[in-house]
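Undergrad: Spelled out from the first residue to the last, the chains are:
Number of protein chains: 2
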Amino acid sequence: MGLDEATQKPHDRLAAALAADLDAVNSLIRDRMASRHAPRIPEVTAHLVEAGGKRLRPMLTLAAARLCGYDGPFHVHLAATVEFIHTATLLHDDVVDESARRRGRPTANLLWDNKSSVLVGDYLFARSFQLMVETGSLRVLDILADASATIAEGEVLQLTAAQDLGTDRAIYLQVVRGKTAALFAAATEVGGVIAGAPPAQIAALRTYGDALGVAFQIVDDLLDYGGSDAVIGKNTGDDFRERKVTLPVIHAVEKADVAERAFWSRVIEQGQQAEGDLGQALAIMARHGAMHSARDEAVMWAGTARDALAVLPDHPLRHMLEDLADYVVARLQ
Amino acid sequence: MGLDEATQKPHDRLAAALAADLDAVNSLIRDRMASRHAPRIPEVTAHLVEAGGKRLRPMLTLAAARLCGYDGPFHVHLAATVEFIHTATLLHDDVVDESARRRGRPTANLLWDNKSSVLVGDYLFARSFQLMVETGSLRVLDILADASATIAEGEVLQLTAAQDLGTDRAIYLQVVRGKTAALFAAATEVGGVIAGAPPAQIAALRTYGDALGVAFQIVDDLLDYGGSDAVIGKNTGDDFRERKVTLPVIHAVEKADVAERAFWSRVIEQGQQAEGDLGQALAIMARHGAMHSARDEAVMWAGTARDALAVLPDHPLRHMLEDLADYVVARLQ
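Read top to bottom, the protein sequences are chains E and B.
When we follow our numbering, the leftmost residue of the first sequence carries the number 1, and every step to the right adds one.
When we follow our numbering, the leftmost residue of the second sequence carries the number 1, and every step to the right adds one.
Don't read these hints as lab results, they were simulated from the structure.
Since the list can't tell identical chains apart, any single copy or any two copies may satisfy a pair.
Using 35 Å as the maximum straight-line C-alpha spacing, the simulated DSBU-like pairs for lysine-lysine come out as follows:
| id | residue 1 | residue 2 |
| --- | --- | --- |
| 1 | K255 | K244 |
| 2 | K115 | K255 |
| 3 | K115 | K54 |
| 4 | K9 | K244 |
| 5 | K244 | K54 |
| 6 | K9 | K54 |
| 7 | K244 | K115 |
Start from the sequences, fold in the hints, and give me the full structure.
TA: Encoded structure:
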């Protein structure tokens with residue numbers, strides 16, 4: 001390993017190692033976004049798909065397949081499938097969350113309208129469905145169908161779990177699996193399946209994707225409160241304003257005294273938020289070590305992900321995936 | 001055939017002939033609507049799925065499979081699949097069209113909210129995907145993946161085709177295929193495929209479903225203007241107010257003089273509608289025979305549907321399907 005490789009982020013090392021495959025994925029995505037009958041579709045999707053997304057999920061599929069020795073063409077289809085599902089979810093989330101910006105660009109929702117976001121998302125789901133059918137693998141279809149149901153279930157569950165202080169760690173974990181981990185787990189698992197890997201390796205890849213996804217989402221939720229050190233920045237507080245009950249809030253609520261409990265009830269359940277409440281929330285969380293508890297949990301999940309890969313072949317891609325698990329949590333520092 | 005059978009509507013005769021299968025479909029639908037993690041889901045779907053929908057699409061699948069001699073279990077899965085896809089489309093349409101009522105009940109959209117409609121629709125799509133994977137037929141998956149893409153493409157196309165007098169018969173037909181015919185065609189085709197019918201019979205079933213769907217949608221669009229006789233009633237004029245360019249409007253615009261062209265441009269393209277404009281639109285359409293031309297076209301498609309079935313076995317279900325094609329147009333009288 002050269003000096004460059006040692007200092008690069010694991011994500012960039014994966015992108016370099018998988019460069020040819022990623023080019024093929026990007027070509028396939030551009031090809032399948034096109035619609036003969038509805039030219040508006042690529043207009044809506046292009047700015048999302050082309051916006052410099054990190055292609056994290058497709059890389060998981062490509063890395064899993066290559067790591068297991070695959071040399072056929074279908075890991076590219078599956079990587080594109082996974083990215084289409086992810087993009088469709090973002091489009092439907094834009095309707096849902098009235099989020100103003102995504103990846104630093106105007107959302108499809110604001111550029112176009114709710115109608116386009118819903119229907120173009122449906123189109124991408126359908127296109128992803130066609131791509132997976134082309135692999136001819138019923139097992140792959142089964143995994144992705146289950147992932148789709150878990151994703152949708154998690155999104156609906158989040159609707160009811162938000163604004164409810166009764167949301168506990170088990171419900172939070174179910175939401176996180178739906179929002180993030182289900183697609184990560186499917187992405188790595190189908191890579192192993194298409195490669196015909198032994199059952200223990202496929203199970204390990206699934207465990208890796210699931211744990212990586214949970215760690216990733218916990219970190220995302222922590223960053224929404226400014227990270228471990230809970231510093232208010234321009235990108236913090238969205239979840240607080242949307243009254244989402246994420247892991248730091250759950251930790252703080254568990255340890256709340258009567259006055260704090262009243263505070264959480266007012267800002268989360270009743271939605272009566274005033275100037276200074278975000279700072280107050282951060283102070284309460286800091287007092288109970290809520291951010292550090294949540295970070296510890298993310299570190300634990302990242303460790304689960306890393307350890308799972310031990311049964312896989314000793315291969316540079318395996319070590320990049322291991323480092324990726326650590327790096328996901330390192331975003332907090 | 002007894003007197004009762006001769007006087008019953010073909011739809012009711014199909015429901016009677018397929019009663020046991022339909023019961024199985026209804027049980028499967030109820031079972032698969034349930035969500036362990038998100039109990040809100042059946043709350044949202046129940047009033048749509050249970051609201052006395054005519055189960056037209058599932059009956060097409062069941063009838064096609066039985067007519068081709070199928071005696072396995074999977075026609076029930078496919079019938080439920082088709083109904084879930086239909087219901088998901090209705091939920092996403094509710095977001096799209098801000099339609100206030102559907103099947104005489106409040107829409108999910110108003111009962112709940114846009115979020116629930118989008119995400120529960122996604123859940124039903126995912127559930128339908130699981131059901132079709134259970135059949136183990138890649139060919140069925142291929143047909144339904146293509147249908148899903150055509151449906152989504154047609155819905156997006158409709159967004160751009162509305163409010164545009166450049167929308168011609170070819171574009172209209174593409175929209176109609178997406179809105180209605182693609183799912184009808186897939187519903188009948190997968191019935192034949194799961195039964196292992198010969199290629200010519202499967203092709204005929206597809207042609208039947210496609211033509212039936214086109215006829216059905218043309219009639220729906222005519223009824224929105226009060227039917228062949230263009231009588232304004234409480235349920236007429238929705239498409240006019242939403243500035244949708246449907247077949248009667250296309251016929252009228254094709255024959256418009258300068259003044260009429262200005263009228264259509266004002267009410268459809270610019271959306272400036274005043275009291276009396278719907279009556280004026282109907283008068284212009286009547287002058288050019290637009291309603292009758294559209295009805296003739298529906299009759300032609302119904303004939304195509306009926307004729308297609310000639311290659312199928314001589315079976316009571318076949319005759320019910322033939323009569324159903326005629327009945328779809330008879331709704332206009």
